[in-house]
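Start from chain A and add chain B according to the hints.
First to last, the protein sequences are chains A and B. Using this note's numbering, read the first sequence as starting at 1 and increasing by one per residue. Using this note's numbering, read the second sequence as starting at 1001 and increasing by one per residue.
These are calculated hints, taken from the structure and not from any lab test. Just so you know, these numbers come straight off a predicted model, no measurement behind them. Hints are not guaranteed to be accurate.
Derived DEER-like restraints, expressed as beta-carbon distance ranges [said to hold, decoys possible]:
hint	chain 1	residue 1	chain 2	residue 2	range
1	B	1138	A	70	54 to 60 Å
2	A	188	B	1331	37 to 43 Å
3	B	1017	A	189	57 to 63 Å
4	A	218	B	1275	49 to 55 Å
5	A	70	B	1276	41 to 47 Å
Simulated crosslink set (DSS-like; lysine-lysine; CA at most 25 Å straight-line) [claimed, not checked]:
hint	chain 1	residue 1	chain 2	residue 2
6	B	1004	A	350
7	B	1172	B	1054
8	B	1178	A	350
9	B	1088	A	2
10	A	2	B	1004
11	B	1350	A	178
12	A	88	B	1002
13	B	1229	B	1253
14	A	350	B	1088
15	A	275	A	253
16	A	4	B	1088
17	B	1350	A	88
18	B	1002	A	4
19	A	350	A	4
20	B	1178	B	1088
21	B	1002	A	2
22	B	1350	B	1004
23	A	178	A	54
24	B	1253	A	4
25	B	1002	B	1350
26	A	350	A	2
27	A	253	A	296
28	B	1350	A	4
29	A	229	A	253
30	A	172	A	229
31	B	1088	B	1172
32	A	88	B	1004
Some, not all, of what chain B presents toward chain A, calculated at C-beta under 8 Å [what the hints assert, rightly or not]:
hint	residue
33	1005
34	1012
35	1015
36	1053
37	1055
38	1081
39	1083
40	1095
Cβ coordinates follow ideal geometry from the N, Cα and C atoms, glycine included.
Protein chains: 2
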Amino acid sequence: MKTKLLSASDIETILTNVGPNELLDQLIDSLRTGFASFEPQNVQVPTRSGIYYKSPDIGLIEWMPATESDRQLATSKIVGYHPTNPDKRSIPTILSTLSSYDTTSGHLRGILDGTFPTALRTGAMSAIASEILAPRDRPLALGIIGAGAQSVTQIHAITRVLPIEQIIVFDKNESAAKSLESRVSFVSIPVETINEVELPTYLSSLDILCTCTSEEPGSGPLFDDFSNKEDLHINAVGSDFPQKIEIPISLLKRAHVCPDFLEQALVEGECQQLKPSEIAPDVANLLRSSKSDQTKARNTLSVFDSTGHAYADFITTHFFLNYAESFCLGTNIEIETSPTDPLNPYSFLKRPSLPRPVSMKPAAATPAQNHGL
Amino acid sequence: MKTKLLSASDIETILTNVGPNELLDQLIDSLRTGFASFEPQNVQVPTRSGIYYKSPDIGLIEWMPATESDRQLATSKIVGYHPTNPDKRSIPTILSTLSSYDTTSGHLRGILDGTFPTALRTGAMSAIASEILAPRDRPLALGIIGAGAQSVTQIHAITRVLPIEQIIVFDKNESAAKSLESRVSFVSIPVETINEVELPTYLSSLDILCTCTSEEPGSGPLFDDFSNKEDLHINAVGSDFPQKIEIPISLLKRAHVCPDFLEQALVEGECQQLKPSEIAPDVANLLRSSKSDQTKARNTLSVFDSTGHAYADFITTHFFLNYAESFCLGTNIEIETSPTDPLNPYSFLKRPSLPRPVSMKPAAATPAQNHGL
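Bound-form chain A, shown alone:
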């Protein structure tokens, strides 16, 4: 049984051949369609679990699984979150890999990078929520707090679906804020960097805001509540851990708060700060809601509480694997040993000489001493 392995270079080939705008537009379409038809009886998405550690640096490795009964497929994303990576190791905070499994047998069908797809799908999910919840009747000012890797795909995706005319950036790391302009130069929209003193004034002028920071749990919110435009939309992307929050509770309480995944958002998203009764329907239900309900939500202050949905990873995994299939990319490798007799683990050996009859006497010195043979 072979596993299709996509290398980083295969992902590059897909991106180069399809084009980044077209690829992102298609992923937005796939995710929108997938979530609009999300059926809890067809899709199982447990809240993620992981191992958190404080040494040598703060870090977290998590498992995000999802299964879809209709297609008899499961995916697993294993994602590392190590916020000291950019400064200490010049690698992204979030590294991950995606795997696809056949749920009839458990066979590993494919493995690919999850680092770039995660950035892309996180941007795409904000675009899907913003399409409905953000104003769209005028040229828009987009604010970014946290100018890391995720901000690039937030900007890319949101500018694909909404008429953004200026981007305003704050990051307490000034060099990160300053470099964002060149990193998103491909969207051809002016980027202005502001400092902490200017932040409250600028917040009040925004039409959309994306918060995508790596603050430590317990240190939020990122700013004091402010006098917002009445139809401001916020994509709160950074919260993904208990006690990690970005948005002030008073703002949340007067907003239409739409979680990507309610159960998870209650544990590690902005929804930690709210009672279930204060939370609006999730993004799947938002997509299926009536035009009048969507318009009503758009005309009020709204927050998309994006904790990261494993079903978005499921869709994204198969989106890339399908492209790999159609472009004949990837390497098919036998990773799982395939015994010719399923009842004999040694029968995967292609050279039939092993294991061969051996003496009953144990070969190892230690066990022999232990049991006195």
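Below, chain B alone, put in the same frame as chain A:
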């Protein structure tokens, strides 16, 4: 950043070059040493979590992670359990892959098969418990209930450490029971197949018993309680799910029950049937206990409740990766995209032309219609 990928053929090369007995002896040594020095403050092993489904067939995909602070390493085993695999698909019930991560950064260091290593380590863990808990003062009769893939490595491992002179097999699937003799011919020990009627009599004659069945949750125990030899040792290997049990509660209650991993065994092992006060110290503590305590446990009825320990997978993963390193095996592949700028997900592109400046106007028809541009 490269990931070392071991193919099934690399695992075969390791097994062929080291030899199956020597390899198993060394793995037993590594696991014994690892568990004897197990420190809860150094090793994190959450109880596993997974997705269970009933369609198209009963199946389960689980995540078994472990981290070791001292070595700054984490492993993850993703394991599928699909008991209809042998009959319907001629592949093993348990398929899995093992991954190793660097906990400083979250980087995926290596991937390899987990199917063969799981069978091997499950046998090895039974051998480690049996070395201490089973009689060793006479030639021993080993009983096997459940003649599937795991029974092969149970027999191989136990015969490496104890003087087994006969093997008695029961499986309600008669052809599986009958074929075990040829599958374990390499141990050169007589194998006798018995039927259900003969089972009670034979149980009373055993010195060691391994239960390694795939019964459905709720259907256990496998047999009625019986008049056992006073120092009988049982390796209960099959229980790995809530309500899945193999051993009668009355037998457990008079036995020295040693779990591999207490928290997990209480949820999905034989220990489900016991109160914590009825359970002996776990295998790590057994290995560190005094000779007199070990002798006392050996002279009584004992059960090793083996639910599958993620730290055993941790040790086994690095055991194979270290062999791959020393034999120059495996393929180093860049799976994770490696951006040259950690703050720019697109900077993994080696061809610098992408993404290039684009028009602000969304390219996709659907979003454009949606927001009325």
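Hints, verified against the model:
no., hint, in the structure
1, 1138/B to 70/A: 54 to 60 Å, "holds, 58 Å"
2, 188/A to 1331/B: 37 to 43 Å, "holds, 41 Å"
3, 1017/B to 189/A: 57 to 63 Å, "holds, 59 Å"
4, 218/A to 1275/B: 49 to 55 Å, "violated, 38 Å"
5, 70/A to 1276/B: 41 to 47 Å, "holds, 42 Å"
6, 1004/B to 350/A, "holds, 22 Å"
7, 1172/B to 1054/B, "holds, 23 Å"
8, 1178/B to 350/A, "holds, 24 Å"
9, 1088/B to 2/A, "holds, 18 Å"
10, 2/A to 1004/B, "holds, 17 Å"
11, 1350/B to 178/A, "holds, 24 Å"
12, 88/A to 1002/B, "holds, 18 Å"
13, 1229/B to 1253/B, "holds, 16 Å"
14, 350/A to 1088/B, "holds, 23 Å"
15, 275/A to 253/A, "holds, 10 Å"
16, 4/A to 1088/B, "holds, 23 Å"
17, 1350/B to 88/A, "holds, 23 Å"
18, 1002/B to 4/A, "holds, 17 Å"
19, 350/A to 4/A, "holds, 21 Å"
20, 1178/B to 1088/B, "holds, 19 Å"
21, 1002/B to 2/A, "holds, 21 Å"
22, 1350/B to 1004/B, "holds, 21 Å"
23, 178/A to 54/A, "violated, 30 Å"
24, 1253/B to 4/A, "violated, 49 Å"
25, 1002/B to 1350/B, "holds, 16 Å"
26, 350/A to 2/A, "holds, 16 Å"
27, 253/A to 296/A, "holds, 17 Å"
28, 1350/B to 4/A, "holds, 22 Å"
29, 229/A to 253/A, "holds, 16 Å"
30, 172/A to 229/A, "holds, 24 Å"
31, 1088/B to 1172/B, "holds, 17 Å"
32, 88/A to 1004/B, "holds, 23 Å"
33, 1005, "holds, 7 Å"
34, 1012, "holds, 6 Å"
35, 1015, "holds, 7 Å"
36, 1053, "holds, 6 Å"
37, 1055, "holds, 6 Å"
38, 1081, "holds, 7 Å"
39, 1083, "violated, 11 Å"
40, 1095, "holds, 4 Å"
Violated hints, in rising order: 4, 23, 24 and 39; the structure is consistent with all others.
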